[in-house]
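Number of protein chains: 2
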Amino acid sequence: MTQIVASEFTRFGKREEDLVSLSAEACVDIVKKYGDAIDFIVVSNAYSGEYVDVSGLNNLVSTRLSLDSVPSIRVDNTSGSGGSAIVTAKALIESGEANNVLVLGTEKMTGGSTKRSSRIIASLLNDQERRAGLSLPSLAAFMTKAYLKEFNAEREAIAMVAVKNHKNGSMNPYAHFQKPVSLEDVMNSKVIADPLRIFEYCPVSDGAVATLLSSDSTAPSMSEKRVRILSSAISSSSSSVSSRNSLTSIDCVRDSSSLAFRKAGMTPEDMDIAEFHDMATILEIVETEDAGFFRKGEGWKALMSGETEIGGRIPVNTSGGLNSKGHPIGATGVAQAGEIFMQLTGDAGRRQVSGAEKAFAMNMSGFGNSASAIIYEVE
Amino acid sequence: MTQIVASEFTRFGKREEDLVSLSAEACVDIVKKYGDAIDFIVVSNAYSGEYVDVSGLNNLVSTRLSLDSVPSIRVDNTSGSGGSAIVTAKALIESGEANNVLVLGTEKMTGGSTKRSSRIIASLLNDQERRAGLSLPSLAAFMTKAYLKEFNAEREAIAMVAVKNHKNGSMNPYAHFQKPVSLEDVMNSKVIADPLRIFEYCPVSDGAVATLLSSDSTAPSMSEKRVRILSSAISSSSSSVSSRNSLTSIDCVRDSSSLAFRKAGMTPEDMDIAEFHDMATILEIVETEDAGFFRKGEGWKALMSGETEIGGRIPVNTSGGLNSKGHPIGATGVAQAGEIFMQLTGDAGRRQVSGAEKAFAMNMSGFGNSASAIIYEVE
Chain A
1 MTQIVASEFT RFGKREEDLV SLSAEACVDI VKKYGDAIDF IVVSNAYSGE YVDVSGLNNL
61 VSTRLSLDSV PSIRVDNTSG SGGSAIVTAK ALIESGEANN VLVLGTEKMT GGSTKRSSRI
121 IASLLNDQER RAGLSLPSLA AFMTKAYLKE FNAEREAIAM VAVKNHKNGS MNPYAHFQKP
181 VSLEDVMNSK VIADPLRIFE YCPVSDGAVA TLLSSDSTAP SMSEKRVRIL SSAISSSSSS
241 VSSRNSLTSI DCVRDSSSLA FRKAGMTPED MDIAEFHDMA TILEIVETED AGFFRKGEGW
301 KALMSGETEI GGRIPVNTSG GLNSKGHPIG ATGVAQAGEI FMQLTGDAGR RQVSGAEKAF
361 AMNMSGFGNS ASAIIYEVE
Chain B
1 MTQIVASEFT RFGKREEDLV SLSAEACVDI VKKYGDAIDF IVVSNAYSGE YVDVSGLNNL
61 VSTRLSLDSV PSIRVDNTSG SGGSAIVTAK ALIESGEANN VLVLGTEKMT GGSTKRSSRI
121 IASLLNDQER RAGLSLPSLA AFMTKAYLKE FNAEREAIAM VAVKNHKNGS MNPYAHFQKP
181 VSLEDVMNSK VIADPLRIFE YCPVSDGAVA TLLSSDSTAP SMSEKRVRIL SSAISSSSSS
241 VSSRNSLTSI DCVRDSSSLA FRKAGMTPED MDIAEFHDMA TILEIVETED AGFFRKGEGW
301 KALMSGETEI GGRIPVNTSG GLNSKGHPIG ATGVAQAGEI FMQLTGDAGR RQVSGAEKAF
361 AMNMSGFGNS ASAIIYEVE
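Each protein sequence line maps, in turn, to chains A and B. Residue 289 in this note's numbering sits at position 289 of the first sequence; the count goes up by one each step and never skips. Residue 305 in this note's numbering sits at position 305 of the second sequence; the count goes up by one each step and never skips.
Just so you know, these hints were derived from the structure itself, not from any lab. Errors might be hidden in some of the hints.
Unchecked claim - Derived list of chain A stretches under chain B, where covered just means 3 residues or more per stretch with a C-beta under 8 Å from a C-beta of chain B:
1) 82 to 88
2) 91 to 105
3) 168 to 175
4) 237 to 244
5) 250 to 257
6) 274 to 283
7) 339 to 351
Said to hold, decoys possible - Examples of chain B residues toward chain A, derived with CB under 10 Å:
8) Ser81
9) Thr88
10) Ser113
11) Arg116
12) Ser118
13) Ile120
14) Met171
15) Ser242
16) Ser243
17) Leu247
18) Asp255
19) Ser256
20) Val378
In this text, a Cβ means the ideal position worked out from N, Cα and C, and glycines have one as well.
Using the sequences provided together with the hints, build the complete structure.
Structural data, given as structure tokens:
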């Protein structure tokens, strides 16, 4: 099996550094301590060419880190790249191909306009939907309308995701936004795609996170703080959103979650914390339901009753989520693992969930084109 | 261990189809026959965003193939993406994550100017060398000059790589160029980067190749024609070409090859055929030396004496190589596996090497930024 033995973050947000420098910043402490042991590098990055005109990023980063001869690859699955990179690193370790894999999640997205950024990301849509002018923010708005109607949910419940996650983010020194917002702030902020408002979408961020994954045989000699990957699963949905059966449920989230829980011999009730892919507020609610944490149509009630707050029954997105921490595309899935590593080893500072031992992470590609579910337990 | 049980090519060259259609074309026969068994898709592609403004290619392709729920990722390592994708698929299988992995190598590069294409690929160079105006073609020219001087080699020997590979390509129905060229044709063709001429560089091509990789436990039920992956290794060199020790030798080619041979318990002498990464003619000669097939400085003599021809002691690039078959970046490493599958199962038609049982493939990223070596044997 595979364990996380170290994790390091850069501050997320608008960063002046170039992509290679930002990437190296996340890795440098791990390389200083464990450099000789690293025998593979997996770089999670989706859009280095599109945003900053760089390719072969894995090779440029390994050279910058003076890990010239170490094999490396780039793994991409758009917004879900990080989860896919961890699944890949785990396979490299468990097949015996590598013992200690540095997994770097990284993306540089600021520097251009938000419009340009949205256009780059819309390149993952299928051709017809893209030509029809759909974008990921507008799909989230459609989902919100459908959800509110289908489950007679309160509009404020959706906005409360942003309130909760900004509160969590305010306690995360790596988060893009570190200021709480009120329900009024959210509901009075600019409409992006009706009915969703700007505070309900993740910002455009730069950021990088590194984690070191080790095999069971090498992990104990690496660190006393360790988190085990109990299971992982990737599943996909149709890339044609309009041809899906439901607008309020995401097949690949449901399928990957149930498979990961089955592989681990666990249920959502066994989890102490969970990170979900809240690119827009509505997605946190829908995903927590599809992953089996709440019954369909009841995620918004659980949120309103405080169950997903720090201190609640199952804290969700203690990191601040994509909503407040930011969503540097390739970094996000690795950042979920990093937050979970900090939480389960007791290093989450002011946002620490006391006694947290088991965790769940859901990282999604596109608008549910693909999803990875990963279950962790402190060693 | 892992076996190849099927392989399909599209014709390489200038193709009218879009990237998703071209990709699907390579997969359709395999999916028709084995679709229900495929439980993971690894897409080798480096530049979908840069060339054709598409991201999330793995999800778009799986949807097009009606394999909606099958997990998929994209693996990129620039020109070496294919070899890295095969190593990744092998790890997914040998770790138990998957049983039957569809590995698709695909790239669409035509449609813009050659200048635009060169600029896109130059984005893999390190910043200083890129700003100095270096490109991959010019690096190959520097290597040629250094090689000719250091080993007192004949200029014509380098050009003979193109003659041999065009001859092989003329017998490959999937190759971009299917016409033999004479030494005079090559030596009289346009100078691209002195002393190398246009026939000595791979063309800009579109193309896609699919292979199906299966575990030892499932492979026998899939096909009677099977090729086993005996070993694989990836290694890297500095991305800063000017800081390397030698211009006539590539560390990562040497290191990955020797590791792959050691893992397989074999030597280059055991191989019956080999595919090398001849982005430029000189590279075939340098790589065959670094991989241990010939002594340093003697690869050009082996070529001149016909040892690497079909019918010679160790036929190299029976497919036509990148030089004649074409080099759709993400497809190339998978195409090497596909050619080897055809050769070792006796399906290589007019270019068949009789009795070939063992094969070696070298797939390189950038200008030796990274390399994968894979050793195959017919089952």
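Could you check if Val378 of chain B really has its C-beta closer than 10 Å to a C-beta on chain A? 23 Å, violated
Under 8 Å between beta-carbons, do enough residues of the stretch 250 to 257 of chain A, three at least, approach chain B for the coverage claim to hold? This one holds; 4 residues, not fewer than the three required, reach chain B with a Cβ under 8 Å.
Counting residues of the stretch 168 to 175 of chain A whose CB is closer than 8 Å to a CB in chain B, do you get three or more? With 0 residues in contact (Cβ-Cβ under 8 Å with chain B), the coverage given for the stretch 168 to 175 of chain A is violated.
May I ask you to test the interface hint for Ser113 of chain B with respect to chain A, counting a Cβ-Cβ separation under 10 Å as satisfied? Violated: closest Cβ of chain A sits about 17 Å from Ser113 of chain B, beyond 10 Å.
So, Asp255 of chain B near chain A? Judge it on the closest CB pair being under 10 Å. It holds, given that the least Cβ distance between Asp255 of chain B and chain A is near 6 Å, below 10 Å.
Taking the closest Cβ pair, is Ser243 of chain B under 10 Å from chain A? It holds, given that the least Cβ distance between Ser243 of chain B and chain A is near 9 Å, below 10 Å.
Given Ser242 of chain B as an interface hint, is its Cβ closer than 10 Å to any Cβ of chain A? With a closest approach of 12 Å, the Ser242 of chain B hint is violated.
Residue hint Ser256 of chain B, partner chain A, criterion CB-CB below 10 Å: 8 Å, holds
Taking 8 Å as the C-beta cutoff, is the stated coverage of the stretch 91 to 105 of chain A by chain B satisfied by three or more residues? Result for this restraint: holds, n = 7.
Let's test the interface hint: is any C-beta of chain A closer than 10 Å to that of Ser81 of chain B? Given a least distance of 8 Å, the restraint on Ser81 of chain B holds.
Examine the stretch 237 to 244 of chain A: at least three residues should have C-beta closer than 8 Å to a C-beta of chain B. holds (count 4)
For the hint on Thr88 of chain B, does the least C-beta distance to chain A fall short of 10 Å? 6 Å, holds
Hint compliance for this structure: hints 3, 6, 7, 10, 11, 12, 14, 15, 17, 20 are not met, and every other hint is.
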